[in-house]
Amino acid sequence: MTTTYLERLLDPWREFDRMNRLLRSSPTQTTEYPAVNVWVNGEDAVITTEIPGVTTDDINISVTGNSFTLSGKRPADEEKNVQSYHRHELWHGNFNKTVQLPFNVDSEKIHASYKNGVLHVSLPKLEAEKPKKIKIES
Amino acid sequence: MTDTNREIQKKEAELEKGVEHTRATRVFTPTVDIVEHKNDIVVLADMPGVDEKSVDITLEKELLTIYGRVEPEIPENHRLAIAEYGVGDYKRTFTISNEIDRDQIQASVKDGVLKLVLPKAEGAKTRKIPISGNA
Numbered sequence: 001m002t003t004t005y006l007e008r009l010l011d012p013w014r015e016f017d018r019m020n021r022l023l024r025s026s027p028t029q030t031t032e033y034p035a036v037n038v039w040v041n042g043e044d045a046v047i048t049t050e051i052p053g054v055t056t057d058d059i060n061i062s063v064t065g066n067s068f069t070l071s072g073k074r075p076a077d078e079e080k081n082v083q084s085y086h087r088h089e090l091w092h093g094n095f096n097k098t099v100q101l102p103f104n105v106d107s108e109k110i111h112a113s114y115k116n117g118v119l120h121v122s123l124p125k126l127e128a129e130k131p132k133k134i135k136i137e138s
Numbered sequence: 001m002t003d004t005n006r007e008i009q010k011k012e013a014e015l016e017k018g019v020e021h022t023r024a025t026r027v028f029t030p031t032v033d034i035v036e037h038k039n040d041i042v043v044l045a046d047m048p049g050v051d052e053k054s055v056d057i058t059l060e061k062e063l064l065t066i067y068g069r070v071e072p073e074i075p076e077n078h079r080l081a082i083a084e085y086g087v088g089d090y091k092r093t094f095t096i097s098n099e100i101d102r103d104q105i106q107a108s109v110k111d112g113v114l115k116l117v118l119p120k121a122e123g124a125k126t127r128k129i130p131i132s133g134n135a
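If you read the sequences in order, they're chains A and B. Start counting the first sequence at 1; every next residue gets the next number (our numbering). Start counting the second sequence at 1; every next residue gets the next number (our numbering).
Isolated chain A, as found in the complex (with noise of 0.2 Å):
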């Protein structure tokens, strides 16, 4: 049954939950950690993501399909005989984020990279799933 103009007008609760839900839903601006930058174009995607702090061994990359998942851990400075900290901004901890991609990817041709803090992947199409040329006979 569908509200009409009259009826909303008459039941102002009803449009005041109405307007509560419609905020509640719109989506929200949360990233999870690390922020990621996703490049794509027909044949591949390559996904950048700044993790500064973290070593090559601390870094974990695996694709399912067109699922791309990071994880990894930050470890905590090992900072000795401290007096004081004037400022403690930095994060530490563990990681975990997913991406989803257009296509599913070639899970044999990804090529990573990590320097200066800066994560580089490089997550080509299944080759299946690229477009191909048809040749119309004349």
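These are calculated hints, taken from the structure and not from any lab test. Only a predicted model underlies this, so the values are computations on that prediction, with no experimental measurement involved. Even for Gly, the Cβ is constructed at its ideal location relative to N, Cα and C.
Derived DEER-like restraints, expressed as beta-carbon distance ranges:
(1) A:96 to B:107: 26 to 36 Å
(2) B:72 to A:89: 17 to 27 Å
(3) A:82 to B:101: 18 to 28 Å
(4) B:115 to A:42: 37 to 47 Å
(5) A:43 to B:25: 23 to 33 Å
(6) B:83 to A:136: 37 to 47 Å
(7) A:79 to B:26: 22 to 32 Å
(8) A:136 to B:25: 43 to 53 Å
(9) B:62 to A:89: 13 to 23 Å
(10) A:42 to B:104: 54 to 64 Å
Based on the hints, put chain B in the right spot on chain A.
What follows is chain B alone, placed relative to chain A:
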């Protein structure tokens, strides 16, 4: 122990009054740890994309400025489908006291983290002052 609520947006640096940029790039404020030890003060700054050659450290009077240049790497013939972070330079300025031995400052960069060691000057190290009992 994944902290999903962490603020992960990079903060863009505020322009100082009357100062204009000449490099067409965004400038971010790196997050830092500043840790004081008995003999030195250590500054750690997250500056992903920066290496030893692209970071400048200047000390003028009391102002210590760290500046890291980042050349954005844009994959050719690709379009940006998801953009969660921006790429740009890093800049942050601190005031330091005269207690620092300016000639002995050391800087290194590892995995995108800048580490500055600022040794305390000899005279500034905490000394225990003996108090004599009978005046």
